[in-house]
Amino acid sequence: MLSPIIIGQVIVNGLSLSAIYVLIALGFTLLFGIMRVVNFAHGAFAMLGGYALYYLYGKYALPYPLAVPLAALIVAVLSLVLETLVFRWFYQKMFQSMIGLLGLNMALMFSSVIVWDVYERSIPPAFSGVLRLGGLILAADRLMVIGIAIIALLAFWLFMTKTRYGVAMRATADDVEIAEAQGIDTRTIYRLAFLVAIFMTALAGGLYAQIYALSPFMGERPLIVAFVVVILGGMGSIPGAALGGVILGFTESILSTFYGAAVSSFVSFGVVIALLIFRPWGLLGKPE
Amino acid sequence: MPLLALNNLNVRYGQIVGTSDLSLSLEAGEILALVGSNGAGKSSTLKAILGMAPYRSGKILWQGKDLKGRKPSEIVREGIGFSPEGRRVFASLTVLENLNIGAYSRDANEAAERIEQIYTYFPRLRERSGQRASSLSGGEQQMLAIGRALMSRPKLFLLDEPSLGLAPIVVERIGDILKEIQAREALAVILAEQNANWALALADRAVILELGQKTAEGPSADLLRDPKVQSAYLGI
Ligand SMILES: Nc1ncnc2c1ncn2[C@@H]1O[C@H](COP(=O)(O)OP(=O)(O)OP(=O)(O)O)[C@@H](O)[C@H]1O
Ligand SMILES: [Mg+2]
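Line order of the protein sequences matches chains A and B. Under the numbering used here, residues 1204 to 1491 are what the first sequence spells out, in order. Under the numbering used here, residues 13 to 248 are what the second sequence spells out, in order.
Each hint should be verified, as a subset may be incorrect.
As the list claims (entries may be wrong) - In the EDC-like style, the derived pairs of lysine to aspartate or glutamate whose C-alpha atoms are separated by at most 20 Å in a straight line are: (1) Lys-83/B with Glu-1380/A; (2) Lys-191/B with Glu-42/B; (3) Lys-1365/A with Glu-125/B; (4) Lys-77/B with Glu-39/B; (5) Lys-80/B with Glu-1380/A; (6) Lys-83/B with Asp-1378/A; (7) Lys-1365/A with Asp-119/B; (8) Lys-1365/A with Glu-122/B.
Claimed, not checked - Across the chosen pairs, the derived CB separations fall in these ranges: (9) Ala-195/B with Phe-1481/A: 51 to 61 Å; (10) Gln-1299/A with Glu-90/B: 32 to 42 Å; (11) Gly-142/B with Ile-1317/A: 49 to 59 Å.
To be clear, the hints were calculated from the coordinates, so they are not data collected in a lab. For every residue, glycine included, the Cβ atom is placed at its ideal position computed from N, Cα and C.
Build the full structure now, drawing on both the sequences and the hints.
Structure representation (structure tokens):
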């Protein structure tokens, strides 16, 4: 049963799923950790990332390394309109944000149905073929996903620790009132955090749509993933989102390879429920 | 023209009174103590100056300019630094990152030079520079909060209850350093304090607040001799 083909598949699938999950969950946890909004429209932004990549790469055939970041950037920049119209009214209002953004999720999903209809499309893979490494056989398009995610996560880490805007963002997450009183224009920092969060979500959405399929309803799964990962790792915790994403990615990869997708989902959610009972603040979160 | 003038300031939180018809003024390089017990309106006064507390009427004039309606981050750029009650350092940031945030409103390459100066005032912060602020002792956190506020090279420093919860010897030490900084940088300071003995010893002038109102004002030396102030605030 444990042939090199299967081992390679489990590792590469696990890593690429983890990569996508970490990106989705980071966006979600940033919005929660800094602005205290629970983004029920998160999956919709992933879906929009999918359509953006569909046009740039699938239709207009831009070079893949350009199309991927550009698609995410376009979604993030256009979404700033929604930040002004919708999101900012819910900052620091956790419960209102859930209802309001659930509404926004519906609005985005059904607007997409009007524009793109309900049928599924596919984004062509950037690479076909496999890479042989020792005895392992690794799918090239999955390796690409892993590479893109690693670059994005590294850039994110450098931004948060080495740039003044990143440090200001962490200070604002710690104490927004005092951040403002130390000279940080927190309104601008919020918009920047929103931009970064939606960029990562849309990026992950594009990759996800390319691996699976693209439709107005594809956001459901990324939204659930965001919740699961963030609950696993701890709401608002950045290392928690990374750890949670890797745990969920590998659990799914291993269980679905050996026992099928249904068992995999069942166990993943079972673990989350158990965690919420025994350690409600998540693996790396802080008890409140 | 005074550096700062408050004219009949009425801070209100809904029905709750923060300050009532409070007027005071401050010259450049002067230390003013704001003394009063819990709920007297000291923090409300400082927060109103920085644009953090709402006021229903009255004026706050900074070098003759009305500050009404400006955001705190804009007021900091005018040259006002703030160290809040309870210190409120950024817990998950390092000491160095906290200091850099204090210089956020300034040119990035000015910051490095300024940090050296702050480390000279507070050598303890240099030793702790890579540590998370949450791991510092109360006294060290107070030093960090002061250092962070001074990073922007303010003309006026608003310092809210630095003595809170600190051992007397640490309070004395912070007082000495404040004196040194103030003399060297010709900084104007408004020091809000319940510890009247300490605040009056540091300040040139003082205002006594009760329930948001000014009940006495004058040179510190005079207030230290005032029998009413002595019995109410100095424990004599
Ligand atoms: N955000 C707020 N909302 C409502 N009331 C407030 C708020 N901040 C202060 N107050 C009220 O305003 C009054 C003055 O409070 P303030 O904090 O200015 O006093 P203080 O002199 O700083 O007291 P302390 O020495 O305890 O810090 C108090 O009655 C207080 O309860
Ligand atoms: Mg106070």
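Quick rundown of the hints versus the structure:
no.: 1; hint: Lys-83/B with Glu-1380/A; result: holds, 11 Å
no.: 2; hint: Lys-191/B with Glu-42/B; result: holds, 11 Å
no.: 3; hint: Lys-1365/A with Glu-125/B; result: holds, 18 Å
no.: 4; hint: Lys-77/B with Glu-39/B; result: holds, 15 Å
no.: 5; hint: Lys-80/B with Glu-1380/A; result: holds, 18 Å
no.: 6; hint: Lys-83/B with Asp-1378/A; result: holds, 16 Å
no.: 7; hint: Lys-1365/A with Asp-119/B; result: holds, 16 Å
no.: 8; hint: Lys-1365/A with Glu-122/B; result: holds, 17 Å
no.: 9; hint: Ala-195/B with Phe-1481/A: 51 to 61 Å; result: holds, 58 Å
no.: 10; hint: Gln-1299/A with Glu-90/B: 32 to 42 Å; result: holds, 34 Å
no.: 11; hint: Gly-142/B with Ile-1317/A: 49 to 59 Å; result: holds, 54 Å
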